[in-house]
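2 protein chains.
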Amino acid sequence: MEPTNDETGPALPPVVAAAWGLRERAPKGPRPGLALPAIVAAAVALADAEGLAAVSMSRVAKELGAATMALYRYVSAKDELLTLMVDAAYGEPPAPGGTGPDWRTGLARWAAAERAALQRHPWVVRVPISGPPLAPGQLSWLENGLRCLAGTGLGESEKMSVMLLLTGYVRNDALLTAQLREASAASGRRIDEIMPEYGQLIARLADPARFPALHAVISAGVLDQDDGPDDEFVFGLDRLLDGVETLIRARNA
Amino acid sequence: MEPTNDETGPALPPVVAAAWGLRERAPKGPRPGLALPAIVAAAVALADAEGLAAVSMSRVAKELGAATMALYRYVSAKDELLTLMVDAAYGEPPAPGGTGPDWRTGLARWAAAERAALQRHPWVVRVPISGPPLAPGQLSWLENGLRCLAGTGLGESEKMSVMLLLTGYVRNDALLTAQLREASAASGRRIDEIMPEYGQLIARLADPARFPALHAVISAGVLDQDDGPDDEFVFGLDRLLDGVETLIRARNA
DNA sequence: CTTAATTGCGTAGACCATACGCAGAACTAG
DNA sequence: CTAGTTCTGCGTATGGTCTACGCAATTAAG
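If you're matching them up, the sequences are chains A and B in order. Position 68 (the first sequence) corresponds to 464 in the numbering used here; numbering is contiguous. Position 174 (the second sequence) corresponds to 570 in the numbering used here; numbering is contiguous.
Each hint should be verified, as a subset may be incorrect.
[Unchecked claim] Just some of the chain A residues that point at chain B, by a computed CB distance under 8 Å:
| no. | residue |
| --- | --- |
| 1 | Leu-430 |
| 2 | Pro-433 |
| 3 | Gly-527 |
| 4 | Lys-555 |
| 5 | Leu-561 |
| 6 | Val-613 |
| 7 | Asp-638 |
[To be verified] If you anchor each label on the Cβ, the simulated ranges turn out as follows:
| no. | chain 1 | residue 1 | chain 2 | residue 2 | range |
| --- | --- | --- | --- | --- | --- |
| 8 | B | Asp-588 | A | Thr-501 | 32 to 42 Å |
| 9 | B | Gly-624 | A | Ala-649 | 41 to 51 Å |
| 10 | A | Gly-461 | B | Pro-428 | 46 to 56 Å |
To be clear, the hints were calculated from the coordinates, so they are not data collected in a lab. Here the structure is a predicted model, which is why all the values come from computation and not from measurement. The beta-carbon is built from N, C-alpha and C at its ideal position, and this holds for glycine as well.
Start from the sequences, fold in the hints, and give me the full structure.
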């Protein structure tokens, strides 16, 4: 199972080989009855329908009409399946948009696309990742994001840092959204009731003398008005891109 | 176990009552042999030493010399224990710093303090949170952060959004750092070998014709130079605070 | 036809969270 | 002092998890 690769360098982790389709099948032995993409697709569908907790090896196997241990011929461990699921959930990145002076539009579109993917598959942000992104889909997203920054005058290192910052922001926003949805489901409240209730609880628990700034926020009704999750996302994204713009201007001055 | 609370409003979730020490003990029955803070402290120590995966109810109980099921007299479920662990790991927030024109120094210090707490307890970012922060420690951190923004001319809603943005950034940075460390441990490489190897793998896997921007980054040696995790953190933080500064200037114009 | 490789998968081991119920301790009411 | 109440500790049991191992069946090469 050692990835045969004629070029030199560090060995490919098995999960990377699987993601790039580099697992070569020996000509002997019975035909595989399952296929890795089908397994991943079934797992993704299951996670979409019933959440990440429902994705167990036995459950995925049942969904495919196979036995639990059959999956381990295609995947070396559950972690590997999860990594492949994430890559599948991201799907195709948005087309590379305008470069040069149009970098901001391009990055905003890129961020919106990542956010949309994470909203289609909210469980993605719950998957514990352990390593830098190497799956082909992940690299495509990174590539198309980096292209937006061509011609901005930023250094290569800075471009990479900006992308790291941006994807981190989008993922964090998706995580918060998913948490809100879970809190709503757990308490049985409607999702737009959660934040006002949260404000009431803070007001009750926190002594106004010790938490004056917090109480100022609460009594201003910040949590009562439902400004929608999109506004919050746009606010943070605007701050972040403003910061990048400041840097780009400094580099071109 | 319904939280008795004479004031009106939404019911307190049990975990919140526990965090605020509102669980009143009946005068009858035997003295409790354990105490909630001791349980939480043992669990935190265990997570620090052996990672979050080592924190099972039976393991925590063993650490305390108690039986597994004894813990359930103090904690209604494992989720509750995890939430309390997080609050304990954060500890005390930094003293509220300079307000007014000094907001930036204050927020930078606040962010550095959160980062330090998350570096002391890297498992915190792996705990799946399900709901807005209501534990006393969390609220103290939020309070002291909000105070930095007093006198900036920002609206209350904007202050809250800025804090959300900032803590999200710090947490995401800590998550990436933890992932890097895990990748290092899993592959047996030294931690400063991971990124250069990552670059080599990308160079080998990704076709330069399809991934030109990525290859530009790689061949610039971005991943080879070890600029240290602190530089990456400072870069993102600077961009973020630049963005906030732009907003504050706009509000005061 | 023999042989080597590979697949499907049954079994089993080692964990995990936690529902339930019982024995005993500690307090209160009488 | 006694009876009743109520809580604690925790043993047992259930149903779930991942996955190491090994065996039978299948396929193709020699």
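Tested hints:
1. Leu-430: 25 Å, violated
2. Pro-433: 18 Å, violated
3. Gly-527: With a minimum Cβ separation of about 4 Å from chain B (threshold 8 Å), the hint on Gly-527(A) holds.
4. Lys-555: 7 Å, holds
5. Leu-561: Holds, about 5 Å.
6. Val-613: 5 Å, holds
7. Asp-638: Since chain B brings a Cβ to about 4 Å from Asp-638(A), closer than 8 Å, the hint holds.
8. Asp-588(B) to Thr-501(A): 32 to 42 Å: Holds, at about 37 Å.
9. Gly-624(B) to Ala-649(A): 41 to 51 Å: 27 Å, violated
10. Gly-461(A) to Pro-428(B): 46 to 56 Å: 51 Å, holds
The structure is inconsistent with the numbered hints 1, 2 and 9, although it conforms to all the rest.
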